[in-house]
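Chain order of the listed sequences is R and F.
Note that our numbering has the first sequence beginning at 239, numbered continuously upward.
Note that our numbering has the second sequence beginning at 239, numbered continuously upward.
Any given hint could turn out to be false.
Which copy? The list can't say, so a pair holds if one copy fits it or any two copies do.
What the hints assert, rightly or not - Straight-line alpha carbon distances no greater than 25 Å define the calculated PhoX-like cross-link-like pairs of lysine-lysine that follow: (1) 329 with 524; (2) 513 with 446; (3) 524 with 327; (4) 513 with 454; (5) 553 with 263; (6) 465 with 505; (7) 430 with 337; (8) 553 with 337; (9) 554 with 287; (10) 528 with 337; (11) 327 with 339; (12) 524 with 446; (13) 327 with 448; (14) 327 with 528.
Hint data in this document are derived by calculation from the structure and do not stem from the laboratory.
There are 2 protein chains.
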Amino acid sequence: MTDVVAGIDIGGTNSPFGFVDSDGKILGKGSIRTSDYEMFEDYLAALLKEIAESANAVKDIRVIGYGIGAPNGNYYTGSIDNAPNLRWKGKILFSEMVKSKTGLPAYLTNDANAAAIGEKVFGNAKDMNDFIIVTLGTGLGSGIFCGGQLLYGSTGFAGELGHTIVVDGGRQCGCGRRGCLETYASATGIVKTVNELLGNNSYTSSLKGKENIDSKFIYDAAVAEDKLALDAFEYTGEILGKALANATAFSSPEAIFLFGGLANSGKYIFEPTIKHMEENMLNNFKGTVKVLPSGLKENTAAVLGAAALCWNEIKK
Amino acid sequence: MTDVVAGIDIGGTNSPFGFVDSDGKILGKGSIRTSDYEMFEDYLAALLKEIAESANAVKDIRVIGYGIGAPNGNYYTGSIDNAPNLRWKGKILFSEMVKSKTGLPAYLTNDANAAAIGEKVFGNAKDMNDFIIVTLGTGLGSGIFCGGQLLYGSTGFAGELGHTIVVDGGRQCGCGRRGCLETYASATGIVKTVNELLGNNSYTSSLKGKENIDSKFIYDAAVAEDKLALDAFEYTGEILGKALANATAFSSPEAIFLFGGLANSGKYIFEPTIKHMEENMLNNFKGTVKVLPSGLKENTAAVLGAAALCWNEIKK
């Protein structure tokens with residue numbers, strides 16, 4: 239029998255899960271559709287049933303706990319609080335309900351924190367005590383390790399770099415304020431930058447007249463040396479690099495990992511980010527921070543991160 | 239016999255020290271002039287001699303360790319690295335030399351970190367795991383507790399909020415860059431703000447024509463309801479409040495303590511700071527952070543903080 243934990247990645251559409259051993263090997267997996275369930279109770283019953291059936295189908299494993307990564311997840315309360323992209327409103331006491339229904343330990347945190355724990359337990363940060371993971375997806379999420387511990391803060395919501403204000407009176411953010419980092423440095427943010435640059439007639443760009451531009455389009459254009467696309471990456475890297483220089487003055491990480499959609503653009507996003515970060519760094523910190531890609535594969539990172547949370551707690 | 243630690247506060251001009259018991263009571267004290275010693279070795283010999291003699295003069299105490307707060311102090315190496323306002327250049331391996339000369343444990347950190355540890359061990363943060371102390375003196379120093387630990391980061395220099403860039407291309411900072419928080423939010427920063435506002439002829443202010451304006455002058459003018467002085471506090475609070483809202487998104491502290499010269503201006507600095515912090519806070523954090531005065535008296539805080547560092551380490 240191999241002990242495994244069920245790592246669950248709750249998304250607005252799907253909830254994939256995997257059975258992960260203490261070395262980070264995924265020994266089995268499954269998924270249910272989150273959006274099929276209007277009532278949380280029905281969702282949870284279906285999820286636990288599917289997990290039990292999937293576990294039975296894998297030879298010689300025993301599920302000893304649950305780790306959950308969720309939007310607006312709060313580690314302290316184990317709850318999902320008013321997640322805008324889930325159908326269940328209010329405060330969902332998720333991990334408590336899993337515990338009471340299964341009799342097993344269950345831990346929950348938000349997606350970016352789960353990614354950070356995944357990096358620490360199974361990825362490229364195994365030997366690091368101080369690092370930051372920045373997920374550049376639709377928004378910008380972050381998980382921060384300080385002195386070997388994930389930073390939760392007094393509320394459980396610490397590590398919201400995406401909602402630090404970096405441009406006074408800048409772009410409108412979904413949070414209701416203006417100028418948040420994620421309105422610039424994210425897959426959505428770079429599209430906004432491209433649209434702004436397209437308003438500038440001095441460019442001849444392959445992106446002109448294109449509909450539904452996304453960050454993959456912009457990447458392809460950059461690879462083809464489209465000046466506008468390259469300038470959009472440069473600007474995104476400038477905003478992100480300056481924010482990372484400020485983050486370094488705060489917690490002095492050994493490394494900052496870039497993860498998610500936009501990070502897959504490789505040198506197009508890494509190079510300007512590193513350049514502007516170094517240019518804006520206090521002397522003490524220059525050259526002390528590695529900016530690295532995540533060590534986890536994007537399609538399994540969320541499940542591994544959620545599982546890592548549970549393994550981490552069990553081993554405490 | 240009462241066990242005490244010698245808390246030493248190394249300043250550019252003087253090095254006051256005190257013998258502090260485990261409850262934070264100062265049972266004796268003394269001082270030598272830092273600036274009298276061109277060579278570090280001579281300074282250290284004089285300091286340790288003075289400490290030994292002062293300790294002998296106090297009844298029934300036994301010095302069991304040394305805690306040192308110093309500009310540009312690095313906790314990891316126990317060294318003072320290129321402190322601009324000290325005469326000894328390069329890297330001074332301070333705590334190592336104290337250890338080898340006395341045979342007792344010695345710990346060193348920078349002044350703002352010592353203040354944070356002082357607040358945790360002897361001040362108003364005894365029951366807090368997550369808090370920030372901001373010292374508003376000539377510059378802006380900060381010490382940050384996360385999850386019950388002081389944040390040192392990978393380099394030992396974490397917690398440099400004074401050198402986060404808050405105004406792109408803003409005021410020239412002593413660090414060589416522009417727009418650092420401490421060029422606005424500090425005793426020096428508010429003087430710069432007043433001088434800028436004095437250039438605006440629409441004010442009739444008691445500060446017009448005054449030479450050598452300092453933050454105490456500005457405070458006195460504010461108390462007398464001088465509009466320019468009040469506007470200078472409002473602007474300082476705006477910049478500081480926004481920076482604290484961003485700091486909250488990072489570490490979600492339970493409280494932020496304001497300390498040092500400018501913090502003594504009471505409501506004139508606290509009120510605009512709190513107002514702008516709350517206005518610029520992500521919803522999750524609104525109302526979760528107390529902005530408080532330090533629980534330590536200014537004239538003993540540095541010595542108590544240095545002593546607290548040593549007590550904290552001894553009790554680990």
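Quick rundown of the hints versus the structure:
When the C-alpha separation of residue 329 and residue 524 is checked against a cutoff of 25 Å, the pair qualifies only between copies, where the shortest distance is 18 Å, while the shortest distance within a copy is 43 Å. For the identical chains of this complex, residue 513 and residue 446 are neighbours neither inside a copy (28 Å) nor across copies (44 Å), given an alpha-carbon limit of 25 Å. Taking identical chains as interchangeable, the C-alpha atoms of residue 524 and residue 327 lie at most 25 Å apart only when they sit on different chains, with a minimum of 20 Å there against 45 Å within one chain. In this assembly of identical chains, residue 513 and residue 454 lie within 25 Å of each other by CA distance solely inside one copy; the values are 23 Å within and 41 Å between copies.
With identical chains, the CA atoms of residue 553 and residue 263 are at most 25 Å apart within one copy only, with a shortest distance of 17 Å there and 40 Å across copies. For the homomeric pair residue 465 and residue 505, the shortest alpha-carbon distance inside one copy (15 Å) is at most 25 Å, but the shortest distance between copies (52 Å) is not. Neither within a single protomer nor between protomers do residue 430 and residue 337 lie at most 25 Å apart by alpha-carbon distance, with minima of 43 Å and 58 Å respectively. Only within a single protomer do residue 553 and residue 337 lie at most 25 Å apart by alpha-carbon distance; the minimum there is 18 Å, versus 37 Å between protomers.
With identical chains, the CA atoms of residue 554 and residue 287 are never at most 25 Å apart, being 28 Å at best within one copy and 46 Å at best between copies. Taking the shortest alpha-carbon separations for residue 528 and residue 337, neither the intra-copy value of 39 Å nor the inter-copy value of 34 Å comes in at or below 25 Å. In this homomeric assembly, residue 327 and residue 339 come within 25 Å of each other (Cα to Cα) only inside a single copy, at 21 Å, whereas the closest approach across copies is 64 Å. For the homomeric pair residue 524 and residue 446, neither the shortest alpha-carbon distance inside one copy (39 Å) nor that between copies (42 Å) is at most 25 Å.
Taking the closest pair of Cα atoms, residue 327 and residue 448 never come within 25 Å of each other, the shortest separation being 37 Å inside a single copy and 60 Å across copies. Taking the shortest alpha-carbon separations for residue 327 and residue 528, neither the intra-copy value of 40 Å nor the inter-copy value of 29 Å comes in at or below 25 Å.
Of the hints listed earlier, those the structure fails to meet are numbers 2, 7, 9, 10, 12, 13, 14, in rising order.
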